[in-house]
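Based on the provided sequences and hints, a complete structural model is requested.
One letter stands for each residue in the lines below.
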Amino acid sequence: MNIHDTYPLRDKTAFCGIGTSRFGSFPESDSYGLGCEALNMALDDAGLRPGDIDGLIVNRIPSYERFAEMMGINPQYCLLTEAPGRFSGVSLSLAMQAVATGAAKTVALVYGNNGRSKRVNYGGGDSQWSPWGMTSPGASHAMMWARHMHDYGTTHADLGWVAEAFRHHACLNPDAVMHGRPITREDHASARPICEPLKLLDYCLINDGAVAWIITSAERARDLRRPPVLISGYARQDNFTYGSAPPTDYWQGSFSVVQDQIYARAGIARDELSGLGIYDNFSPTVLFSLEGMGFCPPGEGGNFVKDGTLRLGTGRWPTNTSGGHLSDSYMQGWGIIAECVRQLRGDCGERQIPNAQAMQYICATNIALSAIFRRG
Amino acid sequence: MKPVIDVWNAPFWDAAREGRLLVQRCTDTGQCFFPPAPVSPFTGRPNTEWVESAGAGELFSFVVFHQKYFPGFPTPYPVVMVKLDEGPMLLTNLRGAEASALKIGQRMHVVFDPEVDGFRLPQFEIAA
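Residue numbers (numbering that gives the first Met the number 0), protein chains in the order written: chain A, 0 to 375; chain B, 0 to 127.
Quick caveat, the hints were computed from the structure, so don't treat them as lab data.
Heads up, a few of these hints could be off.
Computed footprint of chain B on chain A, listed as stretches where at least three residues anywhere in the stretch have a Cβ under 8 Å from a Cβ of chain B [said to hold, decoys possible]:
(1) 136-146
(2) 184-193
(3) 219-233
(4) 241-248
Below are the DSS-like pairs computed for lysine-lysine, each with C-alpha atoms no more than 30 Å apart in a straight line [what the hints assert, rightly or not]:
(5) A/305 <-> B/102
(6) A/117 <-> B/102
(7) B/102 <-> B/82
(8) A/117 <-> B/82
Even glycine gets a Cβ: it sits at the ideal position worked out from N, Cα and C.
Structure, rendered in C-alpha cells:
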C-alpha cells in the first residue's frame, strides 16, 4: 500500500451493539457473570442472538473457552487478550481486522473484571524494582508527573481541573460510581497522598463490572437495530525501550507517529471532533495524551485544561463524559470507548454533547494508540 | 523484598555483595544498558560485557510512597530514579537525607546497604 492511499479500514467496520453492566462491588457474581450480563445487553442492543456471533475476544475473563461455553458461542475466530488496559484499543483493532479480512462477520468483545470484590492490588509482588519498594502503575505515573512538573513548570493543581471535570460528568451520569458525589479542586488538592506527587483523586476507581461491544461490517450494521457508529481510523505506535523504567518522554515520540496517522487515516480533522475519550488511569495521563496528540504543545497541558476545557457545557473538548476511570469506573478503556459510542448515537441524556458527530479515543501507554469514531 | 535472581542478573547481584555496581555494555555500540539481558537492546546481538559503573548520576525524578505495598517498607518512603552517567536508569531508595532535600537534576552517588539475606542493595545519596 502506498502511504498516500486511503486507509483501507476507514469506515469499514462499526459498533452495532454495546452493553455495560452495573459498576461497583458484586461479590455474588464474578467476571464471567458480569461479562454475560454485559454481552446480553449488547446483543439486545444490536438485536442479535449468541448464534449470530462468529468472533469472540475476551479480556480479564480467565478463559475464553469457558465463557464461550457459557454463552453457547462457537465462533470461527476467538482469543483472550492481555490484561493491561492498553489492550482495549488493541482488541478493537483485532476485531476490525477480523471483520475486514473475513475472518469473522460479527465479533463480540467482552471485558469482565471483579477486581474490587477480589481486592486486587495493582502493586506489590516480585518485579525488577520490588527490592527498592518501587511498584504499581500509579507510582510510575507519579514519577513521570514529578519530572513533567520539573521540565515544564506544571503543578499538581493543574490536575485538579481534570479530576473536577470528570467528577462533574459522573454527577450527570446516573450509572457512574461517583454519581451524586461532586468534588471541588480544593478537595483534589487536599486529598490524602498515595504516591506523591499524586493523591487519591488522581487515581482511577477499581470496581467490579463488565463491558461488551459487538463489531461488524458497516454494511451489516446498517441493517441492525441501532444507528451504526463507524470506526473511521486507528493508529498505534509502541515503545518498549525505556529500560523497564517509567517513560522519560511522556510517550511524545510514539504519539508523534500516531498523530501523523490518525486524522489522515480517519479522514477527519481534529477540529471536526465533538469530544474525547482519554484513558485516565491517573490524571496526568490526560495531559500527556492531550500534549502527545497535539491538542496543545508539549508541556502546555496544564494551561490547556484550565478553566474547564474538558468540561461539558463550558469547554471546547468535553472529555470522558461518563466520568471516566477517575469518576465512573476503571473499566480499562472499554467503558470509555462505549461512552464514545453512546455519544455518537445521542444516547447520553443530561450529559449529551449536542450534535456529536465524531469522537476520538486516546490511550497513552507503552502501546500508544488512538481511534476515531463517527456517526454512521 | 528479596531480588528475583535469573541467569542474566546474577553477576549484578554477586558484584553488589562486594559493593560494586555493574551494568552491561554493548560491545558493538559502546552503550550501556540495564536491566541485564542476554543481548544488547541496541543491536539485538549477544555482544555484551559487564562493566563497573562509577556509581554517579543525576536525579531524573522521584516519588514518595504513602500506600503500603510491601511489609518491609514502612511508609512514607521515597523512590529515586537516577540516570547513571553511563546511561541506564536505576530506581532505588534515598540514603542519608530526607525526601524534602531532593531536587531533580542534582548529582547522586551510589552507596550499598549492609548485607541482608545474602544481598546488598545499591542505593543513592545526594552527592556532596
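Hint check results:
Counting residues of the segment 136-146 of chain A whose CB lies closer than 8 Å to any CB of chain B gives 7, which reaches the minimum of 3, so the coverage claim holds. Counting residues of the segment 184-193 of chain A whose beta-carbon sits less than 8 Å from any beta-carbon of chain B gives 3, enough to reach three: the coverage restraint holds. Given a C-beta distance limit of less than 8 Å, the hint that chain B covers the segment 219-233 of chain A is violated, as 0 residues qualify and 3 are needed. Here's how the segment 241-248 of chain A fares: 6 of its residues keep a CB closer than 8 Å to some CB of chain B, so the rule of at least three is met and the hint holds.
Annotation: proposed proximity of residue 305 of chain A to residue 102 of chain B holds, straight-line Cα distance about 27 Å (limit 30 Å). Annotation: proposed proximity of residue 117 of chain A to residue 102 of chain B is violated, straight-line Cα distance about 39 Å (limit 30 Å). A threshold of 30 Å between alpha carbons decides the hint, and for residue 102 of chain B with residue 82 of chain B the separation of about 14 Å falls inside it, so the pair holds. About 38 Å separates the Cα atoms of residue 117 of chain A and residue 82 of chain B, which puts this hinted pair outside 30 Å; it is violated.
Violated hints for the displayed structure, listed by number in ascending order: 3, 6, 8.
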